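Participant: Position chain E relative to chain B; hints supplied.
Read off the chains here:
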Amino acid sequence: MNKLKRFSLPYLILLLVFIAIPMITMIALSFMTTEGMHFSNAVFTFANFSRLTEISVIVGLWNSLKYATIATLACLAIGYPLAYIFSRSKNKNGFLITLLLVLPMWSNILLRTNALGYFFSANNMITGLLSQIGINWSIDIKGTGLSVVIGLIMVYLPFMILPIYTVLDKIDTSLYDASSDLGGDPIRTFKKVTIPLSLKGVTTGIILVFLPCFSGFAVPRIMGNEKIVMLGTIIEDNFIYMDYNFGSLISMLLIFAIVIALFVISKVDKEGETLL
Amino acid sequence: MSEQEMQSIAALNYNDVNLTWLYRFFHRNHVAKFNKVFLPILKVVFIAFVFLVLYLPVILIAVQSVNNSADPASFGGLTLQWYTEIFKYRSLRSAILDTLLVAFLTLIISTVLGTLFAIGIHALEKKKRQKFIILNNIPLVNAEIVTGISLMLLFSLLLPIFPSIFGLPTMLIAHVFFTLPYVVLSVLPKLSELDANMYDAAVDLGDSPIKALSKVIVPAIWPGIIAGAMLAFTMSIDDFVISYYTTGNGFNNISIWIYSSIGKTSLKPAIYAYSTIVTLLASAFIVVAILWNNHKRKAGTKIEK
Chain B
0 MNKLKRFSLP YLILLLVFIA IPMITMIALS FMTTEGMHFS NAVFTFANFS RLTEISVIVG
60 LWNSLKYATI ATLACLAIGY PLAYIFSRSK NKNGFLITLL LVLPMWSNIL LRTNALGYFF
120 SANNMITGLL SQIGINWSID IKGTGLSVVI GLIMVYLPFM ILPIYTVLDK IDTSLYDASS
180 DLGGDPIRTF KKVTIPLSLK GVTTGIILVF LPCFSGFAVP RIMGNEKIVM LGTIIEDNFI
240 YMDYNFGSLI SMLLIFAIVI ALFVISKVDK EGETLL
Chain E
0 MSEQEMQSIA ALNYNDVNLT WLYRFFHRNH VAKFNKVFLP ILKVVFIAFV FLVLYLPVIL
60 IAVQSVNNSA DPASFGGLTL QWYTEIFKYR SLRSAILDTL LVAFLTLIIS TVLGTLFAIG
120 IHALEKKKRQ KFIILNNIPL VNAEIVTGIS LMLLFSLLLP IFPSIFGLPT MLIAHVFFTL
180 PYVVLSVLPK LSELDANMYD AAVDLGDSPI KALSKVIVPA IWPGIIAGAM LAFTMSIDDF
240 VISYYTTGNG FNNISIWIYS SIGKTSLKPA IYAYSTIVTL LASAFIVVAI LWNNHKRKAG
300 TKIEK
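Which chain is which? The protein sequence lines are B and E, in order.
In this text, residue positions in the first sequence follow numbering that gives the first Met the number 0: the first is 0, and each later residue adds one.
In this text, residue positions in the second sequence follow numbering that gives the first Met the number 0: the first is 0, and each later residue adds one.
Just chain B, same shape as in the assembly (with noise of 0.2 Å):
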């Protein structure tokens, strides 16, 4: 058994040259002015920091902030009793659920999102069917906050559900029999012995939502008619118009988020059991 540790040495290797060599590199750019990744005029500066006090940036952050916030808050409000529900369910077919889960990331979350984003819109086909019938009836948000949160949360909700109902899943059934036998109504029961059991699924359910929320340029670009500005949205423009400094700037910010989740996890699941 102990033979088979060394097959764990490339991979540490691997992580290690993947993860640390771009960052070092980041931090580099940051400092620095380059024409891309050219570093033969470099010039050693602090100007990218100055940069984080405009507007744009403010606003995208603060919309980051905001739309990832509300969007798991509403995964969380839609998915843990939808995935109480399944677990208490008499007939258990775990692989079903997952399975009809995850069958609609198999449509391309791009061509989902514009999709959703039509319905969302004036015209439609829906629209153009009820006015032949006489209704003028239309949803019209494509482009505001509202359908970008409504946008994310249909593409992230999955990822909310999964690790919850896997720590549900889990929870031993006697549990809940000896809470009602020790005289403890089905409310007390839910907050005595489902709640703390599930915090695991929640959290990694919390960070699997936010994290790509936080972070996400095409949701909001399809579904905010490019009009919202976001974190994501400022990274990938500083990185089209070659501003690779500025860019890995803002990326070092949502880093940090990252590192402040990772630690989260690490906490509450060593064993990595609810990423999946």
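Hint data in this document are derived by calculation from the structure and do not stem from the laboratory.
All of these numbers come straight from a predicted model, not from anything done at the bench.
Take the hints with a grain of salt, since some may be wrong.
What the hints assert, rightly or not - Below, computed lysine to aspartate or glutamate pairings styled on EDC-like, alpha-carbon distance capped at 20 Å:
1) B/Lys-4 <-> E/Asp-206
2) B/Lys-191 <-> B/Asp-168
3) B/Lys-2 <-> E/Glu-84
4) B/Lys-269 <-> E/Asp-206
5) E/Lys-267 <-> E/Glu-84
Facilitator: Chain E only, in chain B's frame:
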């Protein structure tokens, strides 16, 4: 009228102050009624609503794929024309083929490497293993845009040595890198279910280490390997952000093609047809998997009997 209800009415008539009867009436009868009748209805409505939200875009794509009008804003009758055009446009055709090529190569490389790495990690002492798992989780928790840019920077550093590295090689390395942690995490739980002495026993009984791995450990953790392989394939085929930053020289996958076509006439309806076919294939696969699962379960109970 039940006894309780009569009692509660009586309590109301004769004693306005004592409302405990009223409380009990509502508590016992209505909560029970709510639990029995309304709660199941509420549950069904709730589940239906959530699945509608998740599946609405998929349904819209499917409708679009048979819509005779190329304009997504109007429905012009049914057609199967777009299904015949999937391979008509060169850019879409090469995007589909590139996606599949990367996904299959990723599936093979990530599954083999990920399984070996998981076996290695599992053999470590507990403290080291937990630290390694944190490291393994970094690419998994990391924001896609950060992973994408990180890899792009790394590959850019290699540009002076390999001038035309961007394209298939970079995208493939990137996909292997970001799918490995998923394979490792799928295989690890199966390894911990395994008896730690099985490998040593096989070696002691004269198997070579390679034979002990392939004949003893791999068959025992097979479900985890399959799950990891499926995850790697799915993640690769659906990836956008990381591919977007690590590709070049005209090597595009489906997501990049869609992203560059959205809102333009170059977003051919054929893509809706392609997407619908993929979804249908995945659904068919799911049906087979469920039937197989049920069959296996039935076979299992027969043996137990």
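Participant: If a hint holds in the structure, say so; if it doesn't, say that too.
Facilitator: Structure-based check of all given hints:
1. Under the criterion of a C-alpha separation no larger than 20 Å, the hint pairing B/Lys-4 with E/Asp-206 is consistent with the structure, at around 18 Å.
2. Note on B/Lys-191 and B/Asp-168: the hinted pairing holds, with a Cα-Cα distance of about 17 Å set against a maximum of 20 Å.
3. Distance restraint check for B/Lys-2 and E/Glu-84: the Cα-Cα separation of roughly 55 Å exceeds the 20 Å cut-off, and the hinted pair is therefore not satisfied.
4. Among the hinted pairs, B/Lys-269 with E/Asp-206 is inconsistent with the structure: their alpha-carbon atoms are about 34 Å apart, more than 20 Å.
5. At roughly 9 Å between alpha-carbon atoms, E/Lys-267 and E/Glu-84 fall within 20 Å of each other, so this suggested pair holds.
When each numbered hint is compared with the structure, violations occur for hints 3 and 4.
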